[in-house]
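Number of protein chains: 2
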Amino acid sequence: MAHRPTADAVVVGGGVIGLGIAWRAASAGMTVTVVDEAPGRGASWAAAGMLAPVTEVHYGEGPLLALNLAAAGRWPSFAAEVEEASGRPVGYRPGGTLAVARDADDNAALEDLYRFQLRCGLEVERLRSRECRQLEPGLHPGIRGGVLAAGDHQVDNRALVQALLAACERAGVRLVAGRAAALAVEGDRVTGVVLAAGGSPAGGAASGPSPSSPTGETIPSGAVVLAAGCWSGGLGGLAAEALPPVRPVKGQLLYLRGPADQPLCSRNVRGLEVYVVPRGDGRVVVGATVEEQGFDTTVTAGAVHDLLRAALELLPDTAELELTETVVGLRPGSPDNAPMLGPAGPQGLVVATGHYRNGILLTPVTADAVAELLATGQVPELIAPFGPGRFAGRVPAGTARGTP
Amino acid sequence: MAHRPTADAVVVGGGVIGLGIAWRAASAGMTVTVVDEAPGRGASWAAAGMLAPVTEVHYGEGPLLALNLAAAGRWPSFAAEVEEASGRPVGYRPGGTLAVARDADDNAALEDLYRFQLRCGLEVERLRSRECRQLEPGLHPGIRGGVLAAGDHQVDNRALVQALLAACERAGVRLVAGRAAALAVEGDRVTGVVLAAGGSPAGGAASGPSPSSPTGETIPSGAVVLAAGCWSGGLGGLAAEALPPVRPVKGQLLYLRGPADQPLCSRNVRGLEVYVVPRGDGRVVVGATVEEQGFDTTVTAGAVHDLLRAALELLPDTAELELTETVVGLRPGSPDNAPMLGPAGPQGLVVATGHYRNGILLTPVTADAVAELLATGQVPELIAPFGPGRFAGRVPAGTARGTP
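Protein sequence lines correspond, in order, to chains A and B.
So the first sequence is residues 0 to 403, counted in numbering that gives the first Met the number 0.
So the second sequence is residues 0 to 403, counted in numbering that gives the first Met the number 0.
Simulated from the structure, these hints should not be mistaken for lab results.
Backbone N, C-alpha and C define an ideal beta-carbon position, used for all residues, glycine too.
Heads up, some of the hints might be wrong.
Said to hold, decoys possible - A short, non-exhaustive set of chain A residues, derived as facing chain B with CB atoms under 7 Å:
no., residue
1, 108
2, 303
3, 304
4, 318
Said to hold, decoys possible - In silico negatives: residues of chain B with every beta carbon more than 10 Å from chain A:
no., residue
5, 84
6, 129
7, 168
8, 178
9, 297
10, 300
11, 310
12, 317
13, 318
14, 319
15, 320
16, 371
17, 386
I would like the entire structure built from these sequences, with the hints used as guidance.
Here you go:
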């Protein structure tokens, strides 16, 4: 069996959350290993990259709104830092988001949301039909009105994944292309991560020939970050009550493409049932369904139809775009739609999951806060309201992979 | 330069038409070469495999109807012969086709079609709403009525492609994976086919190392069959008036999949805007747009939406199916929607293209008749009305690939 170096921290999960934490921790001088079978190819890859705390505000989610706003405020500098560290663009586009109403019912719902946004002190502007079409001439002429959230932007989530991978590599993060089967625990302390059979180390700082089947091999580490998205509830070696109660929430999205010089729209456009996110190069992301279907990742005819219809109702020229890809992501849902961030279970375990629809948005603050927690042992104030222990007493989700 | 054996016939184009001809000719003892960059991956691959002369009858196409009916009658034995020759199934399913009306307008149009079908002496049965739903319980409850064409069947066009390729290989047909650039002509006689630069021979009876760039290489042959679908108008070396006036007619289709034991429907179902073709294994083909877009093969959001909507209006459970593939085919359209079959231009040239929407259906009669023509020099009576010369005086389509 190959010798495994001890890591200061092992991050289980190589989505934007795990990669962001690993990069920040490694940049601060730690020795970090990330374990993921297919880094960056989960929910991070399927996402649309909306950074929309204002447009997506929901009743009864005050603490989450504060975190989301902090994250949105952190994004410009974070984007610059990732680009500096990786030498790659992340496609951060500060264009704002326009929510529009197709009809009177939509407009009434939008008015309610607008008043709630005002009560929350958010920066929003109510627009008439004509004003909407002045901003976005491609809108359907029947659009009844809208709300502009000038501070809700976007990032190219796939470019972000690639940039974080490059930043991790440059910072010396070791990537293990395997599956974490269990936490290794001695007494009340984490001692490492046990890999599943068939995993194989790859990339990162690893060198030399790889063992083909590190069955049951353990990566020793006194600190483990559980950031495996909707699969985080399936890690072995933990008491049920220590597992984060995450569940997969299926989202289907469409990737479209048109000419770069004739953009479908110039900023994020959304209706009640759909959002349309234009990249600068002619690509357009249309999303997303919200489905409780367990770990199913099937692209369904009904969802594709509904997304296309909803997009066509807002922006008729969508019809002319090429449909280049249909994609499914499994969001890590949490009981209150807010993430679980902080220590949990045995000493040395940190949870960073449950980001639900806000994984891309919350990447900067999650990465900063968890890296700080790993370095200091102190929970940063920003994430204190989101401790994983707040669901104590609940039965954890039993559908996670790896649990009986 | 490698030595090329003389062929009794070279078939330009490896779709079902070209492969069918090659197989029949080789089975009759001829030495046959097929030239195609990607055999079977054009319109033959994109098709749905409907064998529907009755359902798809059109006003003013009497001669074509007779040919289509002859082809449908030939299908059962042809399917058995291909399966025998190849050792592979072709998925011929004699289930009939049910055309249905969503509303009163549809029903009036269907009634007109039904009366026309009766006048043509076709076997059709007018059904009430309830009778339609008894045949196909998955139909939308709002379906107003239908017409059953009990003799309109289907074949799995992709299985047919694979089987014809295997049958050709067994019959000794040589496959050259290259592009035919021009006909070689001396005086008034065909002498072979000139390959484009970069083509390379592969598969079939070929052996030994392949030349990497047979630039301008000629395959000598006194007989050439031009069966290159919508690209048939682009062959060099021919006078413009000898080129068949084919044009590409774009068709977008969807491949869906559901559980084999809960079929969406048990026979072909069609409305005015869509057809739904169920395979026996849970796959379902939904088609097709009819678009004059030149050689464009883009899958568009608007077409996918319209096909899904039309299918959902007929069979609501379509929503639950997996969308596995979007595909574009370029049908070889002809000025009168009927194929061009027979000698044309210099002696030794035979045209077999312009099958438009009936390529799969007409494969048996085309293969039989053209193979007979190659063997005897006589035009079989069945295809006599479809001589390529019937458009003499027309300007050929100028959009074909390879023409200036």
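Cross-check of the supplied hints:
{"no.": "1", "hint": "108", "verdict": "violated, 24 Å"}
{"no.": "2", "hint": "303", "verdict": "holds, 5 Å"}
{"no.": "3", "hint": "304", "verdict": "holds, 4 Å"}
{"no.": "4", "hint": "318", "verdict": "holds, 3 Å"}
{"no.": "5", "hint": "84", "verdict": "holds, 36 Å"}
{"no.": "6", "hint": "129", "verdict": "holds, 26 Å"}
{"no.": "7", "hint": "168", "verdict": "holds, 35 Å"}
{"no.": "8", "hint": "178", "verdict": "holds, 25 Å"}
{"no.": "9", "hint": "297", "verdict": "violated, 5 Å"}
{"no.": "10", "hint": "300", "verdict": "violated, 5 Å"}
{"no.": "11", "hint": "310", "verdict": "violated, 7 Å"}
{"no.": "12", "hint": "317", "verdict": "violated, 5 Å"}
{"no.": "13", "hint": "318", "verdict": "violated, 3 Å"}
{"no.": "14", "hint": "319", "verdict": "violated, 6 Å"}
{"no.": "15", "hint": "320", "verdict": "violated, 5 Å"}
{"no.": "16", "hint": "371", "verdict": "holds, 44 Å"}
{"no.": "17", "hint": "386", "verdict": "holds, 40 Å"}
Taken one by one, the earlier hints fail for this structure at numbers 1, 9, 10, 11, 12, 13, 14 and 15, listed in ascending order.
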